[in-house]
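Engineer: Sequence:
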Amino acid sequence: MEFDTLITQQDPHNEINILLADKFKIKVLIYIIASKDKIKIEEIDKLFREKIPSCLIKYEISELGDIEKLESIISNNKKALVNLSGGEAINSLLLLKLSSELKIQSVYVDLTNKKRYIFTDNYRVIKKALKDMTIDEIIRSAGGNITQDSSDLCSKEEIIEIVNVISSNLSKWHKNKHKLYDKNCFIHNYKDPSKVIVNKEALKEEEIDLVKKALNYFEGIEGLEYSEEQNTIVVQFKNYYLKGAIFKSGTWLEVITHLVMKEIVEVDETRSGLVFNWSKDSTEVRNELDVVSIKDSILICISCKDSEKYDEDALNELQVYSERLGGTNAIKILVATRSPSKILIASRAEEMGIYLVIIDNDIRKFKNKLAEIINKEGQ
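Add 5 to the 1-based position in the sequence shown for this note's numbering, that's all there is to it.
Hints may be right or wrong, so weigh each one.
[As the list claims (entries may be wrong)] Only pairs whose alpha carbons sit at most 25 Å apart, straight line, appear in this in silico DSS-like list of lysine-lysine:
| no. | residue 1 | residue 2 |
| --- | --- | --- |
| 1 | K372 | K177 |
| 2 | K102 | K74 |
| 3 | K84 | K28 |
| 4 | K84 | K41 |
| 5 | K56 | K133 |
| 6 | K253 | K200 |
| 7 | K205 | K218 |
| 8 | K314 | K177 |
| 9 | K84 | K182 |
| 10 | K218 | K253 |
| 11 | K120 | K56 |
| 12 | K32 | K133 |
| 13 | K32 | K51 |
| 14 | K182 | K253 |
| 15 | K45 | K32 |
| 16 | K41 | K74 |
| 17 | K132 | K28 |
| 18 | K209 | K253 |
[To be verified] Cβ pair distances, simulated, as ranges:
| no. | residue 1 | residue 2 | range |
| --- | --- | --- | --- |
| 19 | E106 | K63 | 15 to 25 Å |
| 20 | K108 | K136 | 20 to 30 Å |
| 21 | G249 | N81 | 50 to 60 Å |
| 22 | K108 | K370 | 51 to 61 Å |
| 23 | K41 | I72 | 11 to 21 Å |
| 24 | K51 | V170 | 41 to 51 Å |
Note that these hints are calculated values from the structure, not bench results.
A virtual CB, placed ideally from N, CA and C, is assigned to each residue, including glycine.
Sequences and hints are given; from them, build the entire structure.
Structural biologist: What follows is the structure, given as structure tokens:
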């Protein structure tokens with residue numbers, strides 16, 4: 006059946022509207038919005054102009070439960086498709102009732118299970134995805150904008166080597182990593198960001214040997230050069246990303262999680278180190294997700310914690326970002342190298358629908374656990 010108009014309600018997530026408009030070559034999109042949300046029209050308009058530029062957008066102001074207004078909208082558009090997905094539940098029920106009475110087709114889209122529920126004289130279910138969306142499309146449809154992406158880090162051989170060494174020696178890593186962040190041990194020159202001075206007097210002999218072993222490796226692959234003095238080692242990095250990968254807490258965990266997610270066949274796309282903002286926010290507001298993947302247009306948001314010191318604030322942040330970007334269907338995962346120091350955090354994560362995954366030396370087990378979560382949620 007051909008439609009020239011799509012009737013839909015205002016919703017924070019517009020991916021279904023974009024998919025339906027694209028699928029059925031919609032010429033006019035009628036967007037039902039409450040008067041209190043009129044301030045959002047400019048932002049919504051910008052999104053639709055970008056994603057469905059050939060579609061004319063019309064806005065209809067209707068308050069919650071105003072059946073007369075809804076009937077007027079539907080009855081004046083006989084070749085319309087009514088979208089029942091999203092928006093206010095009471096309005097969706099009224100739209101279903103009115104469209105059935107007026108012989109207008111309506112649809113409810115279940116992105117998670119790749120189903121469309123069609124309501125006409127003969128109710129039916131279509132078990133087929135409309136179209137798979139990208140991470141960028143999902144985030145933009147939620148009013149977000151990606152300002153930084155560190156995914157390229159995961160393709161650099163020296164970074165992958167660091168990750169493999171750490172993941173294979175987690176007990177040694179946990180024992181020594183705190184020294185990397187000790188300003189008395191590793192002195193950063195803020196006038197010359199490529200320079201780091203290692204204070205040998207603040208390190209044990211075995212720690213100095215470990216540092217030299219690492220420096221020799223990185224010098225061998227031309228990632229840095231260094232000179233040794235009596236009490237110090239002066240290190241000059243040749244690229245900024247190598248220094249960042251070593252001294253920024255949790256980078257290795259972010260990278261290995263990215264690499265493992267890319268190996269899971271059901272995952273369509275993976276990106277990491279995403280910094281984003283909202284259209285109405287100042288560019289100075291920094292929102293960040295460590296790893297973001299997508300499967301069948303369902304967003305998978307992962308927070309990485311290289312310690313046991315994560316609390317309810319970390320869970321709340323993951324939940325807010327995930328649901329604002331991907332809606333209630335978003336899959337939320339917190340990957341950590343140790344169980345939480347507070348016993349109640351694990352149960353709180355479960356209550357919030359957040360999967361807590363503890364990584365150890367067995368990367369295959371880590372991959373299988375992530376795949377199990379993704380496939381379970383996608384059923």
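Engineer: Hints numbered earlier in the text: which of these fail when held up against the supplied structure?
Structural biologist: 4, 9
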